[in-house]
Each structure stands twice: as C-alpha cells, then as structure tokens.
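Colleague: Listed below are the residues making up each chain.
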Amino acid sequence: MSTVTDLVQWGLRGASQPRRRALALRVGAVLAFLGLWSLASGLVVLLELFNPIFLAGPWLVLGKVVQLAANGELWEHVGATLLRVLVGFTSGAVLALALGLPAGHFRAVRNALEPIVELFRPIPPLAMLPLFIVWVGIGETSKIAFITYATFFPMFLSTVHAVQQVDPLLLRAASSLGARRTQLFVRVVLPAALPEILTGIRLGVALSFFVIVISEFIGAEQGLGYLINDGRNFFLVPQMLGAAIVLGLLGYGGNALVVLVERRWLRWEHPASA
Amino acid sequence: MSTAGVGGAGGARVQIEGVHKSFTLDGRSTPALIDISLEVQAGELLCLLGPSGCGKSTLLNIVAGFIPPTRGRVLVDGTPITGPGPERGVVFQEYVLFPWLTVTQNVEFGPRLMGVPAARCREITARYLEMVGLSEHATKFPVQLSGGMKQRVAIARALANSPSIVLMDEPFGALDAQTREIMQEELSRIQRVEHKTIVFVTHSIREAVYLADRVVVMTSSPGRIKEVFPIKLPETRNRFAPEFTHYESEITRVVKEEVAKVHE
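One line per chain: the protein sequences are G and W, in this order.
If you're matching positions, the first sequence starts at 1 in my numbering and goes up one per residue.
If you're matching positions, the second sequence starts at 275 in my numbering and goes up one per residue.
Next comes chain G alone, as it looks inside the complex (with noise of 0.2 Å):
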C-alpha cells in the first residue's frame, strides 16, 4: 500500500528527502535569502546607490522588533491585532457554520440564502469598509465586524460545499443501521464534512490578518497595522518591514495552529504518517 504512494510521490515531487537534510535546505534557503537581503542593502550603502533608508538591512529590521519587543511597545501591538483578529475570526467562523451547516443539508434554507450571500460574495470586502466605518464609528467593532464580514464568505461556502458533497451512499449505509435524522447528521455529514470545513477555516485565518492591516491602516492607535502606517508616515522603513514581518509570523502560526487540529482530527486520511 505504502509502495504505491510513494511511487506517486516520487513521480510527483522527486524521491523523499530525509528530515534532517531537508530542514537544512530549509534553513539554508532562509539564511541565503537573509544574506542576499543584506548584501544588496550592503552595497546601497557602499555605492551610494540611492537613499539607504528605502532599503534597510535585516539587521536594522531586527534591531527595530528587538527594540520594540524590549519597550514593551510591540506586546501591545501585537496584542491589538491578536484580539481582533481572534474575535472576528471566531464570530466569522461561528456565523458561517451556524448557517452553512443547515444551508447544505437543507435545499429550502440554500435557496434562501444563497441569492442574499451571492449578491454580496463579488464585493471585494475592502469595498465595504469603508461603510463598516460610517455605520459602526471607528473603533473596534468596526475593526472586528470587518473582519467577521470578510471571512465570513469563504468559511460558509465552503461549509454549504462540504455538507452538500456528503456521499449519499454514506447516508444510506448509515440509515440503514438503524441511524435517524439527527444521527445521521452527527454521525456522518460532520464528520464527512469536516476535511473541507476546516480547509474554509484554514483561508478564514488567513484572510483575517490579510484584511485587518487595511483595516487598522484607518483610525488606529494600536495593531501591526497601524505600526507600519506609522512607519510610512514618518519613514521608519525598518518599523515596516518589521511589523510587516511580526504579521507574517503571526499568520504562520495561524495557519500552523489549523494544520495541527487537522492533523489531529484527520488523522483517518493519512494514518500511516501519524
């Protein structure tokens, strides 16, 4: 059995690497970059090639988060954008299930809401805005209400998708067990569904720090976003870059923290790996 995935894989991507050597390519790959990276801001300096501020070496980037980190200024930032992010991601997530859920399994509640979704799906969310800002003032319901806007797409289409592609043959076997209604849909279409919701959960997180920056652009005190606003106001280009890299992180950790849950609650996918 294995065999045969290997093979696949091997065709796919190559012979599998050992652990050990592919970290080190990793690392190195992200070593040479930081190396490159201080290279050519190396040579503005050297060549005088233009005004070495523009591009800031990664040490001077780093040495702005460290300075950050060590004030206690960068917590507080970081911190701002977490609680939104975690608030608006969840109430997204929240709304998109309690009615994905019950417009995949049942057509009347699809017909109703779909048209109402599909009108507003095409908006690019930043469109609205704007909008957030007039009906819900500047502060942070605003901030978090977008963010429970934006995701909210992605995370209830892909859960209407996920229940509506259930295997109806999985029902049958399931109801000819003895499962009723409500079994049925505990017992089989969540957990038929779940690959793919969590998949909608996986672009919510992402989407989330995505549209939050724009969002703490505009009438911010605190957050990433307003950091790297700040930066462009006064020039700080390594408080940008810096900033700009803290939410990178923060989004891979997002991103990490919904493959682990995957890894754990799929576990039936791909059990031979785990």
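Treat the hints with caution; some may be incorrect.
Covered stretches of chain W (chain G as the covering partner; in silico rule of three or more C-beta atoms under 8 Å from a C-beta of chain G) [said to hold, decoys possible]:
1. 353-360
2. 381-393
Straight-line Cα separation of at most 20 Å, EDC-like style, residue types lysine to aspartate or glutamate; simulated pairs [as the list claims (entries may be wrong)]:
3. LYS414(W) <-> GLU262(G)
4. LYS530(W) <-> GLU509(W)
5. LYS500(W) <-> ASP487(W)
6. LYS414(W) <-> GLU404(W)
7. LYS506(W) <-> GLU524(W)
8. LYS414(W) <-> GLU269(G)
What the hints contain is simulated information worked out from the structure, not anything from laboratory work.
Even glycine gets a Cβ: it sits at the ideal position worked out from N, Cα and C.
Go by the hints and put chain W onto chain G.
Modeller: Leaving out everything else, chain W in the frame of chain G:
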C-alpha cells in the same frame, strides 16, 4: 418490527408484491421494473441475476427502503416497509465504510446507535471481526485496507447489527477474480452459521450458482422476472462438479437471450 434491533441469528421472510418502478427522465416516464412479485423465505439466499441495467439494483434499493416503488409494496415478516431499517442490513459494491472510523468503530456503528452497552458492543465486534478474519486489523482505518478487506469489514458491519435480512448489491463486483472466489466461500461459510435471509444481486452466473438457494433471472430493461432456478446442490459447493456446470450452462443460456436483446 419484531425483528429489528440486536437479537439472535436467523432470517425473516420478504414479500415483494406487484412492484413497479418508473423513473422520470426529461419529463418522460421510463419503466425500470415491471410487476415484480417474489417471496424470499426466511434463511434463504436468493440471487438476482441479469444484464446490467435490468433494474436488479433498483429492486434491491426498493427492498432496502432507499427508494419507494411506483406501485406495489415490500413486506418483511408481513409488515410493509416504509424506509430503511436496521432489520435490513445492506452491503454495497463500493463498500461505503465510514472513512473517519476505525475498523472496530465501523463494525460497532449499528450496535452503538441501538444503545447496546459498550461491553456487549466489544463482544459483538470481536466476534464478527474474527468471523471475517480481520481481528488483527481492528485499529486500522479504511484507507489502510485492500478492497477485499474493506468488503469484509462492510459484511461484519452489516452482520454486527443483527439484521434478519442482508441485502447485497454486487458486493464482490469490484474485487479481483481470486479475492472474489475467496469472498464467496467465506460468505457461504458465514451463512451456514448465521442463516440470514439474503438477497444478493450479481451479474456473475458462477457466483449465483455457487451461493444461491434460488436464482432469479431478470429480463433486460425494463426488468421483469424471466425465470426462477432453484439450485439443488449441497451446502458446500464444488465449482467443478458436473451438476454445478450443468446449472451454469442452463442459466447462461437464459441470460444470453437477454444480453442479446440489449445488443440488438
């Protein structure tokens, strides 16, 4: 239903009374089954045989309660059925295991739904996994099993729920020839212990003669009953015995007429 739930072994009687089924395609009603009346005795293994598209799977789905007949009805021990029920276990050609559950969890799915206590569930599961020879694979997930193993789990899952009737829709159709014969032998061995009422859909004449107490040959689309062959062979059958090949050739002749019609 008296036979529902977890009880002992043994089968129930199935009566199919004047079942018609038509499907509506592009606004036109196409008949799939015409006037099927059939009685399956308690503990009998009945094979439905016919060319592809003759409606034998449709008939099985009606007996399972997955789709309603256009006319007519199906009775189990005298009670008309209204939908799927645990007294009628189903084994599908595509296995249809729950991929997120282990082998054990798949097998105990039915008993647990019925509220059977955990200790008893474990006993039942162990018994049926042993019966199908999968005790060593109890903690594996379906993706880790071969086709033949998956179908064994599906059979164990159906039996663990103590149905009085087992409906099998070309269960061995997707297996290779060797595995297929082994599975036939195992099913016949299990049936000698369990005495379920089994309705077994197949298009393999050899399979039907090997397993069945009676073989019902259906006409090509729309499906009617063409001929019924009681198979008077010993419980343990020899595929190479002259009596076996005699049945085989006799049924082949009748089936060929129908296959020929399809190609006309």
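Colleague: Would you pick out the hints that fail for this structure and give their numbers low to high?
Modeller: 4
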